[in-house]
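First residue of the first sequence? That's 1 in full-length UniProt numbering, and the numbers climb one at a time after it.
Bear in mind the hints are in silico, worked out from the structure with no lab data behind them.
Each residue gets a CB set at the ideal place from its N, CA and C atoms; glycine is no exception.
Have a look at the derived ranges for each label pair, beta carbon to beta carbon:
#, residue 1, residue 2, range
1, S151, I573, 16 to 22 Å
2, S161, K61, 26 to 32 Å
3, G515, F544, 24 to 30 Å
4, T747, G264, 30 to 36 Å
5, T496, A233, 25 to 31 Å
6, G264, L119, 40 to 46 Å
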Amino acid sequence: MAKNLLIVESPAKAKTIEGYLGKDFLVKSSYGHIRDLVKGDDAIDTENKFQQKYEVPSDKKAIVSELKKLAKAAEMVWLASDEDREGEAISWHLFETLGLKEDNTKRIVFHEITKPAILKAIDSPRKIDYNLVNAQQARRVLDRLVGFELSPVLWRKVKPSLSAGRVQSVAVRLVVDREREINKFNAEAAYKIVAIFYTGKGKEIFKAELSKRFEEKEEASKFLKDCLNASFAINSLEKKPAKRTPSAPFTTSTLQQEASRKLGFSVARTMQVAQRLYEAGRITYMRTDSVNLSDTAIQAAEQEILKAYGEKYHKLRKYKTKSAGAQEAHEAIRPTYFSEHTIEGDASEKRLYELIWKRAIASQMSEAEFEKTVAKVGISTRSEELIASGEVMKFDGFLKVYFESIDEDQETATDNDSDNTLLPPLEKGQQLTLNEMTATERFSRPPARYTEASLVKKLEELGIGRPSTYAPTISTIQNRGYVVKEEREGKIREFTVLTLNSGEIQEAIKTEVTGAERNKMFPTDIGVLVNDFLVEHFKGIIDFNFTAKVEKEFDEIAQGNKEWTDMLEGFYIPFHSEVQDTLENAERATHERELGVDTISGKPVSVRVGRFGPLVQIGTAEDEEKPRFASLRKGQMIETITFEEAMELFKLPKKVGEYEEKEMTVAIGRFGPYIRHNSAFYSLPKGIDPLDVTQKQAIDIINEKRQKDIEKIIRVFDENPEARIENGRWGPFVRFGKQNLKIPKGTDVSAITYEDVLKWAESDPKAKTGKSAKKTTTRKTTAKTAKKK
DNA sequence: CAGTGAGCGAGCTTCCGCTTGACTT
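Produce the complete structure using the sequences and hints provided.
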């Protein structure tokens, strides 16, 4: 039996460290926290100094009993959880739960998993820092109190099963606020002038732009007219050097942002893939807020840069974290071995690894150097100058390996036509020939909707949430139905272009698509409803600065300057009375709007949230005739739907005639417009207005789909025509009546027998429940309650 | 992928942060 037991948080870490320490040390992992507050409402005694009741959750029992046994047998137990609030608390929980003794327990910390760092840590052990532990307890208790007092208020005043919390409610608020900013945004049009010149020598052309825009078409038109017979010359020519420096290596949040922009990963996917890379020993820990690289890593990066690119490309850089509330228990995310430019693995692992490798290597490379040229073009008939700018890269530096992309909302407002490319050789005073000049109507853009990753970025800036919770938080607000990640079709907008060409000015109307979105965060009606309720009654809690404020107090507790129970007292007393007050006095939250009166029936038209989601209603429950209902569609919200849009909803479903003695109905479902015929669904091709579908069109669509379905069939089983192998979206699968069966990996598709199909059908888990897995939530809860009994 | 939009009313829901698998899909 080993003399020393060393406990860290993560098993992958344990494995690495064991290799450094030799056989006197047994290194084990606690798998994160081993204790938590008990589940129900009596975990915290708010009357009695916030005394807590902890328990070991069932999935941690095995690990705790194993650690207990090992601790008993060891001469010395080293608690090596992370050096932050949570890590310190983990050590304390271990100390308490494993029944450790002061004189054979040591607390050590390190920021990087390298042999010298670990040996150094072992040489300088300390004791558990109870101030830090108390700060964590205050954090934990505050979050429980906020979550478990606010949520029941929502159950009573809004809808059961809803949730609220210090982090998630602010995340939702950001999305709701942004949506409202966009809704009230008025796009302003202005004319942008772009000229294309010949240099005169040869046929070289370049582009120049007017820095100001004209609000009125008349002004723009006047400008072009003035240019009709003007002469143009280079007034000034300025060249100056410019530099670009590399970004710091990745933290959790910057990795999520770049993987989203460059690879199109959701934040959850990024974390899954990163976890695999970490477990395979390819990268350092992926949940970190630190941009710091260890000295050994800096050296290794240097060596690799010298070897692969040469000395000119290297520059030693140290990065400092500036994000609020960073606890820096780990290094930045970097490859464990810089010499491995790529790795084996699946496509997503390879791509994410390369991103991490490039970013980390680039962070230790020299600046990219440019020469920026700005030429000002004078117009003989006007005082304004047109500006042409170009950029030449003189030295690529870090750009040799890495180019950081930027978010939509940080792009220059001048669209992308002013690309910084090379200008032809120019001289001051040089006369130019105008090839073409355009005045294009451009519109100002509303603030960008959040993507998952840009929402994480915003949360991090506000100091809300931690690297380990960013991805789960983004999932939670979507799972609760507060926010959806969706595509939205844009609208077609007209704009005017005036063109001066060959001595005349022409006007044209063009169209563009505006407001189209992909994978953006939209609030739902229930998200808006809950948010507005919380903002009205608990302004302090879902204030963007609430976390920052309490974090400051947690820091004071950690430094021993404040009693944690005092801090909680100060928070809880007013908070709890707000909760009581709201429960007693607040109206039930509703979000109902009267849109107008239906001209045909004379009944009122209103929108509200119903049991199955947002709906429009014509008439009221008191009427003799039952009200008519219609669900809102994707992209429509109670807050913004118009009377006309609402009335449109009642035009569908619409019967479009019969085919094969069965009715055909056109309607709109979750996946868009479709035709329903004989209990089958046929989606409408894009571009056909569901309101205009004719009987003939519908029949064509049905037959086309049938034809395609036949083409998908690979084989029908003789024993049963209901059983067949088909080509699906992800490859072949077996259709067996209403069951869709997965073909086990490695099966030879051509050799599948009917017996195989029967066997698979039997073991198909969906067959037993009868229905397809429609309501996973209800199934989960019933499973849980069944377990309890 | 539809339509549904009522009411009965026991027992349940819920937080944030630290970690992985064991589960489906």
